[in-house]
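**Q** In order, the protein sequences belong to chains R and V.
Per the working numbering, the very first residue in the first sequence carries number 1; after that it's consecutive.
Per the working numbering, the very first residue in the second sequence carries number 1001; after that it's consecutive.
To be clear, the hints were calculated from the coordinates, so they are not data collected in a lab.
Just so you know, these numbers come straight off a predicted model, no measurement behind them.
Each residue gets a CB set at the ideal place from its N, CA and C atoms; glycine is no exception.
A couple of the hints might just be wrong.
Far from chain V, some chain R residues (derived; all Cβ distances over 10 Å) [stated by the list, open to error]:
hint, residue
1, Glu18
2, Val47
3, Pro85
The calculated DSS-like cross-link candidates involving lysine-lysine, where the alpha carbons are at most 27 Å apart (straight line), are [as the list claims (entries may be wrong)]:
hint, chain 1, residue 1, chain 2, residue 2
4, R, Lys26, R, Lys48
5, R, Lys19, R, Lys48
6, R, Lys26, V, Lys1098
7, V, Lys1066, R, Lys19
8, V, Lys1098, R, Lys51
9, V, Lys1066, R, Lys43
10, R, Lys51, R, Lys19
11, R, Lys19, V, Lys1098
12, R, Lys26, R, Lys43
13, V, Lys1098, R, Lys48
14, V, Lys1098, V, Lys1066
15, R, Lys43, R, Lys19
16, R, Lys51, R, Lys26
17, R, Lys26, V, Lys1066
18, R, Lys51, V, Lys1066
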Amino acid sequence: MAVTVSIPTILRTHTGGEKSVEAAGKTVAQVIDDIESRHGGLKDRLVKDEKLHRFVNVYVNDEDVRFAGGLEAEVTDGDTVTILPAVAGGMR
Amino acid sequence: MGPVLRIRRDHVDAIVAHARRDHPDEACGVIAGPDDGSDTPERYIPMVNAARSPTFYEFDSGDLLKLYREMAANDETPVVIYHSHTATEAYPSRTDIKFASEPFAHYVLVSTREDDVADFRSYRIVEGEVTEEPVQVVGDAGAESPAIRLNPDLAPVESYMFANTGGDDVPDA
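If we strip away everything but chain R, and leave its shape as in the complex, we get (with noise of 0.2 Å):
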C-alpha cells in the first residue's frame, strides 16, 4: 500500500526538504507513523494525545479527515494525503 503525501514548507525539515514522501498505512494514523518511523519528528507536529491537532488539516484526496473519521480516516493505495498547517491567527 503506497499513497503519496504532501508536505508543508515549515515541515520538509523533517523530511529532508522532500515536498512529498511515500507511505504505507491503511489509515491516517498508520500513515503518520510510517513516515515517523523514517523521518523522525514529523508526528509531534501534527498529532496531541492521538487526535490531531487543531490547527493541522489533513486531507485525503479532496476530503478534509476531520469530517472523515481523524486519525482512522481511511487511506487506500494511490491516494493523496495532503497536510496543510491552517492559516489562522487574528487578535484573540
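Since chain R is already given, all that's left is putting chain V on it; use the hints.
**A** Same frame as chain R, now just chain V:
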C-alpha cells in the same frame, strides 16, 4: 539591504478595501507570486474568514486546500498573507505568531480601528520570532485609493527605480 516588502499600490488598495468591507470582522487573504525566489506578489486572492469573527480569522479548510493546489499547479508561493485587526494595532498577536506557518511569507497586518486611515505593516514570523520590515509601495495612489499609514518609525526604502517606471532604460534590479 534587509528584508522589505515591495507591493503594488493596487494590491495595497485591494487589501485595505477588503478589510474595510469586512469590518468589524477580520478579513484575510493571500497574494501569490512565482516560487522562484523573486519575492514578488502578483496574484491577489481574497479569502473567506471561516471564523467570521472580529477577533479571529481562519481560512476555510476546503478553500485552503484549493488555494494550495492552485499555487502548486502554478509554481506559486504565498508571498503575502494578510489579515486585519479591527480594534487593535497592526502588530502580530500571540495567536498570529503561534499559527504563523509560512517562514518565507510577508505577514501583512492592516488595522481598521480608525475610520479615515488604515495602518499597513509587514512582518516576517519565523519560529515564533517577529521581525517588522519596511513596506515599499510601488506605483502611485489613484483617486479611489484608501488612505494608508506605513510605520513611520521604519526608515523609508530607496524608491528611485520604482519612481521612474516610465523608462525602459532603468533596470529593475
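**Q** Between lysine 51/R and lysine 19/R, is the straight-line Cα distance small enough, at 27 Å or below?
**A** holds (24 Å)
**Q** Given the hinted pair lysine 1066/V and lysine 43/R, is their Cα-Cα distance within 27 Å?
**A** holds (24 Å)
**Q** Is the hinted pair lysine 1098/V and lysine 48/R satisfied, with a Cα-Cα distance of at most 27 Å?
**A** holds (16 Å)
**Q** Is lysine 1066/V close enough to lysine 19/R, meaning Cα to Cα at most 27 Å?
**A** holds (17 Å)
**Q** Is the Cβ of glutamate 18/R more than 10 Å away from each Cβ in chain V?
**A** About 14 Å separates glutamate 18/R from the closest Cβ of chain V, which puts it past 10 Å; holds.
**Q** Has the given pair, lysine 19/R with lysine 48/R, been kept, meaning a C-alpha gap of at most 27 Å?
**A** Within the cut-off at roughly 23 Å; holds.
**Q** Hinted pair, alpha-carbon criterion (27 Å max): lysine 51/R, lysine 26/R. Please report holds or violated.
**A** holds (17 Å)
**Q** Please settle this one: proline 85/R was flagged as non-interface, so is its CB more than 10 Å from every CB on chain V?
**A** Violated, since 4 Å does not exceed 10 Å.
**Q** Can the restraint linking lysine 26/R and lysine 43/R be considered satisfied, given a maximum Cα separation of 27 Å?
**A** holds (17 Å)
**Q** Holds or violated: lysine 1098/V with lysine 51/R, Cα cutoff 27 Å?
**A** holds (19 Å)
**Q** Need the status of pair lysine 43/R, lysine 19/R: alpha-carbon distance at most 27 Å?
**A** holds (16 Å)
**Q** Between the alpha carbons of lysine 51/R and lysine 1066/V, is the straight-line distance 27 Å or under?
**A** holds (24 Å)
In terms of the numbered hints stated before, the structure departs from hints 3, 6, listed from lowest to highest.
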